[in-house]
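Novice: Here are the chains, one letter per residue:
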Amino acid sequence: MTSIEHCLNQVAAVRESASDPKAAYVIRSRLERLLLTCARVTAERSGLTKPDVPGPVAPSNAPADVQRLAAACDTLIDLSSSICRPSESFDARWDEGWSRISPALDELERLLESQLR
Amino acid sequence: MALTRATSVWAYGSFARGDADAYSDIDILVAGDGAGWRDAVAADAELALLMQDGHQLSPMQFSWEELEAMCEYGSLFLHHVRFEGRPITRMVNDPLAELLAALPPYRRATQEMQAFTIVLRDVEESLSGDHSPKFELAVIATALRHAFILGCYVTGQPDFGRTTPFRRLMPELQMAAQTTADLEQLYKFRLYQHDRALAPFDATTDDVREWLHVADTLFDGIRRRVDDFDRALPQPSSCGSRVGV
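Residue numbers (numbering that gives the first Met the number 0), protein chains in the order written: chain A, 0 to 116; chain B, 0 to 244.
The shape of chain A in the complex, shown without the other chains:
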């Protein structure tokens, strides 16, 4: 499995857990792992050291497609810091939170798929 396919599998894992809003804890954990995996891919393709925890990567000298991937991850990092906090699920605001995360996840998935072509 390539590292991009690995990321795509993790996007699918986040979506799968999102079907049950009571599993907010699982979703947050999977989002963090996805963001770390993407950051490691981005770093590798930019000639940077792979990070060992999730966080923004600034691949200033990387190709444009890698920079777009990094930007999509940064958007998700911002969104995921506010959703599912604290860890227990909040049914009432889940729909709103997921409605913001979902398009950002779609965009990340689109960029990852474009790297496979």
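The set of hints was computed from the structure by calculation and includes no laboratory data. For clarity, every value in this text was computed on a predicted model and none was experimentally measured. Even glycine gets a Cβ: it sits at the ideal position worked out from N, Cα and C. Each hint should be verified, as a subset may be incorrect.
[Unchecked claim] Residues of chain A clear of chain B, computed beta-carbon distances all greater than 10 angstroms: (1) Ser2; (2) Arg14; (3) Ser18; (4) Gly46; (5) Leu47; (6) Pro55; (7) Ala57; (8) Ala61; (9) Pro62; (10) Asp64; (11) Ala70; (12) Arg99; (13) Ile100; (14) Ala103; (15) Glu108; (16) Glu112.
[To be verified] Cut-off 20 angstroms, straight-line C-alpha distance, at most; resulting in silico cross-link-like pairs (EDC-like, lysine to aspartate or glutamate): (17) A:Lys21 with B:Glu64; (18) A:Lys49 with B:Asp129; (19) A:Lys21 with B:Asp226; (20) A:Lys21 with B:Asp121.
[What the hints assert, rightly or not] Footprint (simulated), chain A over chain B, 3 or more residues, beta carbon under 8 angstroms: (21) 115-121; (22) 129-135.
Given the structure of chain A, go ahead and fit chain B onto it with the hints provided.
Specialist: For chain B alone, kept in the frame of chain A given last:
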């Protein structure tokens, strides 16, 4: 701006508990429409000093409708606020205090244990591909902390501290005292993830496997306590409407 009657502001978390460090945020619960909450916090002498020292506010705002819904299932977050929180707004008949006083037992403990277990299985699965042992140890540590907080709650000894739940529950689980010290070390990976501590050791995949085994054993013990707690739960009772303020 004047506070409206419907806004109640409470502090909770590490400062309210007394185990804050230089990096700690000031956890604030804003109940209601939120009007004037910043003024209320700024008027609190202790919080104002903390802010002067550079601590950031970390507010969570909920409408009364959301709080009522959380109350229905006995939200553990609300139990947390009830246990260690203190009101910032000085109100006669504080509606949040009334809601917390009527809070029923937490009804999602089993579901939460299931979520923690899924997270451990995710860690296990991650080891077959590119992974960061430090991150995976942070995930295990966080799941363990939350499971221990839950375990403390269901055994009637609530503790929402950073690592104190490990120490409090371990005798009940009949684990060696050294396991507590090891867990406190492990939790530093979570702090490392948030740039608040150095990694306690140079983690390997074998460390992750070993900790998964320990976590499974600890989870088994906590799950038994959760099952006992759930069996003894009374029939659900409504929190009632307390939002007519």
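Novice: Please settle this one: A:Gly46 was flagged as non-interface, so is its CB more than 10 angstroms from every CB on chain B?
Specialist: With a cut-off of 10 angstroms, A:Gly46 remains clear of chain B, as the shortest Cβ separation is near 17 angstroms.
Novice: Would you assess whether A:Ala103, listed as outside the interface, keeps its beta-carbon beyond 10 angstroms of every beta-carbon in chain B?
Specialist: Label holds. Min Cβ-Cβ 21 angstroms, cutoff 10 angstroms.
Novice: Can you confirm whether chain A covers the segment 115-121 of chain B, using C-beta to C-beta distances below 8 angstroms and requiring at least three such residues?
Specialist: holds (count 4)
Novice: A:Lys21 and B:Asp121 were given as a pair; does the straight-line alpha-carbon distance stay at or below 20 angstroms?
Specialist: holds (17 angstroms)
Novice: Test the statement that A:Arg14 is away from the interface with chain B: the closest C-beta pair must be farther apart than 10 angstroms.
Specialist: The claim stands: A:Arg14 keeps its Cβ more than 10 angstroms from every Cβ of chain B (closest is about 14 angstroms).
Novice: Would the hint linking A:Lys21 and B:Asp226 be met if the CA-CA limit is 20 angstroms?
Specialist: Measuring from Cα to Cα gives roughly 19 angstroms; hence the hint holds.
Novice: Just want to verify: A:Ile100 was marked as not at the interface with chain B; is every Cβ pair farther apart than 10 angstroms?
Specialist: holds (17 angstroms)
Novice: Is the listed coverage of the segment 129-135 of chain B by chain A valid when you require three or more residues with a beta carbon under 8 angstroms from a beta carbon of that chain?
Specialist: holds (count 5)
Novice: Hinted pair, alpha-carbon criterion (20 angstroms max): A:Lys21, B:Glu64. Please report holds or violated.
Specialist: holds (18 angstroms)
Novice: Minimum Cβ separation between A:Ser2 and chain B greater than 10 angstroms?
Specialist: The claim is violated: A:Ser2 sits with its nearest Cβ about 6 angstroms from chain B, within 10 angstroms.
Novice: Would you say A:Asp64 is clear of chain B, with no C-beta pair closer than or equal to 10 angstroms?
Specialist: holds (20 angstroms)
Novice: If I take the minimum Cβ distance from A:Glu112 to any residue of chain B, is it greater than 10 angstroms?
Specialist: holds (18 angstroms)
Of the numbered hints listed earlier, the single one contradicted by the structure is hint 1.
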